[in-house]
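K.L.:
Sequence:
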Amino acid sequence: MTPENTNANADFSAILNDTAEEFKQAKVFNDWMPDDGEYTCVLSDLVTGVKDDQNNRFAWWRLTATIQSASDPDIDQSQFSLFYSTKAPGFLKSDVSALAGKTITDIRTADQILRDNLGAIVNVKVSTSPKGYKNTAITEVLEGPDSGKT
Numbered sequence: 754m755t756p757e758n759t760n761a762n763a764d765f766s767a768i769l770n771d772t773a774e775e776f777k778q779a780k781v782f783n784d785w786m787p788d789d790g791e792y793t794c795v796l797s798d799l800v801t802g803v804k805d806d807q808n809n810r811f812a813w814w815r816l817t818a819t820i821q822s823a824s825d826p827d828i829d830q831s832q833f834s835l836f837y838s839t840k841a842p843g844f845l846k847s848d849v850s851a852l853a854g855k856t857i858t859d860i861r862t863a864d865q866i867l868r869d870n871l872g873a874i875v876n877v878k879v880s881t882s883p884k885g886y887k888n889t890a891i892t893e894v895l896e897g898p899d900s901g902k903t
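For what it's worth, the working numbering labels the leading residue of the sequence shown as 754, then goes sequentially.
Bear in mind the hints are in silico, worked out from the structure with no lab data behind them.
There's no promise every hint is true.
[As the list claims (entries may be wrong)] Here are the simulated EDC-like pairs of lysine to aspartate or glutamate, each with C-alpha atoms no more than 20 Å apart in a straight line:
{"#": "1", "residue 1": "804", "residue 2": "775"}
{"#": "2", "residue 1": "878", "residue 2": "825"}
{"#": "3", "residue 1": "846", "residue 2": "869"}
{"#": "4", "residue 1": "846", "residue 2": "864"}
{"#": "5", "residue 1": "840", "residue 2": "806"}
{"#": "6", "residue 1": "846", "residue 2": "798"}
{"#": "7", "residue 1": "777", "residue 2": "798"}
{"#": "8", "residue 1": "855", "residue 2": "896"}
Using the sequences and the hints, build the whole thing.
P.N.:
Here is the structure:
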């Protein structure tokens with residue numbers, strides 16, 4: 754082993770030690786997407802963050818949708834992500850407007866609507882673009898997040 758490798762291995766090991774707890778607590782990321790169609794889902798989780806992409810800083814949201822389909826046990830309770838970012842705000846604006854039942858024009862309000870709608874039951878349309886990208890759209894709110902809670 755050369756000295757450079759020894760230093761690199763020591764740095765690598767130190768990084769592993771520094772990130773061990775974060776790794777232990779991390780959620781498993783799954784990029785599975787259902788086939789094209791419309792799905793009844795519970796909005797079950799929201800993760801947000803900031804990313805620097807070639808000196809272009811943007812905020813992002815990853816909303817988790819859990820499919821509710823007792824008639825199709827192969828996909829029932831499967832989860833997929835609805836992803837939004839400030840780089841392409843139209844997707845976020847469309848979905849939060851669907852959740853709110855009116856057009857939302859303020860991004861802070863949009864962020865709060867996502868947070869406030871965890872637990873809502875919605876229909877989500879999944880479609881594939883001509884370039885092969887999976888797109889999602891909330892098409893209908895079936896039940897608000899507080900319906901059925903006492």
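K.L.:
Has the given pair, residue 846 with residue 798, been kept, meaning a C-alpha gap of at most 20 Å?
P.N.:
holds (19 Å)
K.L.:
For the pair supplied as a hint, residue 855 and residue 896, is the alpha-carbon distance within the 20 Å limit?
P.N.:
Holds - the C-alpha atoms of residue 896 and residue 855 are around 16 Å apart, at most 20 Å.
K.L.:
Is the hinted pair residue 804 and residue 775 satisfied, with a Cα-Cα distance of at most 20 Å?
P.N.:
This hinted pair holds, its Cα atoms lying about 18 Å apart.
K.L.:
Holds or violated: are the alpha carbons of residue 846 and residue 864 at most 20 Å from each other?
P.N.:
holds (10 Å)
K.L.:
Does residue 846 pair with residue 869 here, judged by a C-alpha cut-off of 20 Å?
P.N.:
Cα-Cα ~15 Å, so holds.
K.L.:
Mind checking the alpha carbons of residue 878 and residue 825 for me, to see if they're no more than 20 Å apart?
P.N.:
Status holds; Cα separation ~17 Å.
K.L.:
Are the Cα positions of residue 840 and residue 806 separated by 20 Å at most?
P.N.:
Holds, at about 10 Å.
K.L.:
For the pair we were handed, residue 777 and residue 798, check the Cα-Cα distance against 20 Å.
P.N.:
holds (19 Å)
Every hint, counting from the list given before, is met by this structure.
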